[in-house]
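*Asks:* The primary structure of each chain is shown beneath.
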Amino acid sequence: MDSSNHWYGHSHILAAYCGLPDGPPPPIQGILQHGWTFVHGFGYGHQPPIGYTRFVWADVNRRRGQLIGWRQYLTIGAPFAYLMATEPEPPNAPEREGTIWYPFHGTADFETVEGNHQRLIDQIKDTETGPVTMCLYYVEYEQPHVRKIYEDAGFRVICHGNRGTKWAGATTNFLHKQLAELRRHKRVASNRLSTAIFYGIGAGCEGAVYGDPMDFVGVKDGFDGQRLLEATFPELHGAELDAIASRATVAAELGMNLLLSPEELSLVLGWKN
Amino acid sequence: MVDIRKLEVPDTVTLLPGATQYLSDADATPVEMTAAVKQIVGDLTGRVLVVGAHPVAWLAQQALTCDMTVVVRGIPDAAQIATEAGEAAVFCGSLASFSERGFDTVVSLTDLSRVLSLEEDPRTWRQVFDDLCSRVSEGGRLICGIENDRGLHRLVGPANPRSSDGDLDWDLMATWDRSRPRTAEQVAAVAEGQVWSCYPRWRKTVVVDAGELSPGQRAARDAAVFTAAARPLFGPDPLWHVEAAAAADRTRDIAAGWLLDTAPASRTGAWRTARDLSAQELSPVDASARPLMAVVGELLAANDVPRLREHLQAWAQWHQAHPETSADLALTVIGEGGEFESIAASGEGPLDAWAALASLVAIARGRGWRLPWPSPMSDETIVSILGAMARLPYRSRDQLSKLIVVVPSNPDELSALDKHELIARLERETAQVHTLRSRSNWTELQFVTTKVQKKVKTTKSRAVRAVRKVLKKALM
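Protein sequences appear in the order of chains A and B.
Count the first sequence with the numbering used here and you get residues 1 to 273, in order.
Count the second sequence with the numbering used here and you get residues 274 to 749, in order.
There could be a bad hint or two in this list.
Cross-link-like lysine to any residue pairs, in silico, SDA-like; alpha carbons within 20 Å at most [unchecked claim]: (1) A:220 - B:280; (2) B:279 - A:23; (3) B:279 - A:45; (4) B:279 - A:229; (5) B:279 - A:221; (6) B:279 - A:219; (7) A:220 - B:427; (8) A:220 - B:282; (9) B:279 - A:218; (10) B:279 - A:214; (11) B:279 - A:112; (12) B:279 - A:226.
Don't read these hints as lab results, they were simulated from the structure.
Construct the complete structure from the given sequences, taking the supplied hints into account.
*Replies:* As C-alpha cells, this is what we get:
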C-alpha cells in the first residue's frame, strides 16, 4: 500500500502493537496520517484512493475531510500514541533537563524553510534558561551550513533519522529515538505549531511555540496555517503554555484516548481476517 | 466537493478557536429572509449579535441601523460578510470561544446544529441554546430558529439526516439528542416567548403562525400552507401530508421548524409571503373551507367528472362576479356550503381563469395526480376541456399554449425524488408507454384494414397475416 505508511516507522510501531513478528510489516489496507495537520489529515500530495480507509489520528480530521468530499475515514489515534502506550516512561527515569527545540522544517518533496537562523538563535537564548538540544529534520540536518549555525551557537544538534521515500530509507525506529529524546527534556519548543510539539507535550514536556516562524517557501495553497493556528490554538502558542489546556488539546489531536485494541487494529488495517 | 485553496481572511475578521477553513453555510443553510420571517424579526436596533449563517444582504442592511456583531463558523462566510457587510464586526469560530455578552438582541435563525463548529467536540442542543441565552442582556431579546425533525420537508425529502451523505451533512448534535425540542409545545417550554411555526420549507418560510388561531384563521393558514407546498411542480406530492395534517388539526406538527422570540412584538395570527413578496396577514375564512385546488385534485383523481364540472362552473361564476380577485385555485377556498373565498393578497394574480386552469394542470401533471384523461393527451387539450367544463369563453390552442407552465426538471427540497415518486413515475411512464403502444397498434390495424378493403397492393392472405400479426402485438 502507500509508502507513506512506513514513514517514521509508523507501520512498524503498529505492527509491534498488534503483536506481529519483527520485520517488514504487511501492507496496510489504507493510508495512515503521517503528521499533525490542520487541513484534512493528509499532506498536499496525498490523494488517498476511494475504497481504502483513511486512518487518522483525531476525529476532527474525519469531520474536516467530509467537508471537502472525502469519506471512509477511521479515527485510530497516532502511531506515536501507540508507541507511548507500548513503552510507558519508567518510574525511575532520570530527571528531565533543558529544552529540545525543533525548528520548523521543509520537506523532501515540496517546501523549504528560509529565514534568519541567527535571529532565531538569539530568541532561543533569550527565552531558554537550561541547555538546548536542537533537533533538525533530516532535510536541514544534511545541509552542513545549517547544522553548523546551530552548533556554533553552542547547542547540541541532533537528528532522529530519515522519513523514508518510496518504501526505502526510512529510519524505522525514528519515533523511538524521538520519544527517548523528548523524555530527557523538560521542555519542547518550535517556531511553528507542528507535529513535534504535539509529540513533546504528549510525552510529558512543557510546550512552547515562539520565535521567528521564517518563510515557508513553496507551501501549497491551504497548507500555510500560520495566522489560522495562532488564532485557533492559542493554548499552544507562546513561550509558556497553560499545561492543562495544552495537554488536553494534544491528547485530542493525537487521539490518545481513542486507541484501538490490538485485535481491532489488526482487523481494520487488513492484517487479520 | 470543495477545492483546497489558499486561506483568504480579511484583517477585519477576528479568528477564534473553531474557525473552519473550508466550511461555507452560505449557500446551503441560511434561512431565507422572506417577508413572513422579516415581519417576525423586524428591524434590529441596539447592540445585536447574529450567530450562524444568515443572508449577507440582510446582514448588510441591518448593520446600518444597529451595532451588529456576527459569529460564524466558516472562514469563507466570515470573509464574505466582512467584505459585503462592512459595518458588522465579524468573528469566525466556535460560539463557545466568543467571550462577549450583554447584547440587546441575539438572532440565530439557522438551526443550532449549524452553529456548532466541527472543530469542537459535540455539545447538546440545550448546551448551545444556553450558551446563546447567556449572551442576551437582562430584558433583551432572543430569536432562535429550531428545525423540526418531523417537518413536512423531512417527510417528503429524499433522505433523512442519517442517510444523507453530502459534504455539508453535518449534525454534530446527536440526532436523537433529547434536549432538542421537537414540537411547538416543547419549544414553548424551553423559554418564555412567542413560538412561530414556519411552513413549508425550513430554508424558505412562506407561512408563519403564532399558534393561537381561531378556527377561521386555522383554515386560512392551512390553505396558505397548501398553496406554498403546491409549488414547485416536480416530484413527490407533499400535499397529501398537508391535507392529512390539516384534517387532523395537526398542521403545526408538520411545520418545517419554529422561531422562538423571547420578546415578541404584539403581532399574532398567521402571515404569508404573497407572490409580490409582501407580508400578508391572513384573514379568517369559513372554518370548514378547503383550498379549491385540493377539492379539484380529489375529483380529478376520482375521475368524478360530473362533480368536477359542477365545481368549476360555480368557481367560474364566482370569479366572474369578482374579477379583481385572484383566480388561482390554490388561493381560493371553498366551504362546505359551496361558498368561495380568496386568501390571495390584494392584487395577487392570476386574474385570468384560463391561466388558473393552466396552473392547475401543471401541478396535477408535475405532482403525478391521477387524471380522467389518457396520459398522451396534451396539457393544452386538458386545459381546453377544463375551460369548456367551466364554460369559460373560448380560447384557441395557440392562445392556451402560451399559458402552459413548463414543469421544471430540477427538484428542490420538497420535490426531490423519493421512493414514492420513483415508483409513481415508473407506473405513470409504464402506463404512458402502454397507452402509446396501444394507440400505435390501433392506427396500424386501421391502416392495414383500409388497405385490405381497398385491395391496395396486397393479397387477401397477406392482409390476413398482417392483421393477425397486428392483433397479436396489440394484445401483448
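*Asks:* Run every hint past the structure and note whether it holds.
*Replies:* Do the hints match the structure? See the list:
1. The hinted pair formed by residue 220 (chain A) and residue 280 (chain B) meets the criterion: a straight-line CA distance of about 11 Å does not exceed 20 Å.
2. Distance check on the hinted pair: residue 279 (chain B) and residue 23 (chain A) sit about 42 Å apart at the alpha-carbon level, beyond 20 Å; violated.
3. Taking the CA atoms of residue 279 (chain B) and residue 45 (chain A), the gap is about 16 Å. The hint holds against a cut of 20 Å.
4. This hinted pair checks out: residue 279 (chain B) and residue 229 (chain A) have alpha carbons roughly 14 Å apart, not beyond 20 Å.
5. Only pairs whose Cα atoms come within 20 Å are accepted, and residue 279 (chain B) paired with residue 221 (chain A) is accepted, the gap being roughly 4 Å.
6. Between the alpha carbons of residue 279 (chain B) and residue 219 (chain A) the distance comes to roughly 10 Å, so the proposed pair stays at or under 20 Å and holds.
7. Annotation: proposed proximity of residue 220 (chain A) to residue 427 (chain B) is violated, straight-line Cα distance about 41 Å (limit 20 Å).
8. Between residue 220 (chain A) and residue 282 (chain B) the alpha-carbon distance is near 17 Å, which keeps this suggested pair within the 20 Å criterion.
9. Among the hinted pairs, residue 279 (chain B) with residue 218 (chain A) is consistent with the structure: their alpha-carbon atoms are about 13 Å apart, no more than 20 Å.
10. This hinted pair checks out: residue 279 (chain B) and residue 214 (chain A) have alpha carbons roughly 18 Å apart, not beyond 20 Å.
11. Pair hint residue 279 (chain B) plus residue 112 (chain A) holds up; C-alpha atoms about 18 Å apart against a cutoff of 20 Å.
12. Of the supplied pair hints, the one linking residue 279 (chain B) and residue 226 (chain A) holds, its CA atoms being roughly 12 Å apart against a limit of 20 Å.
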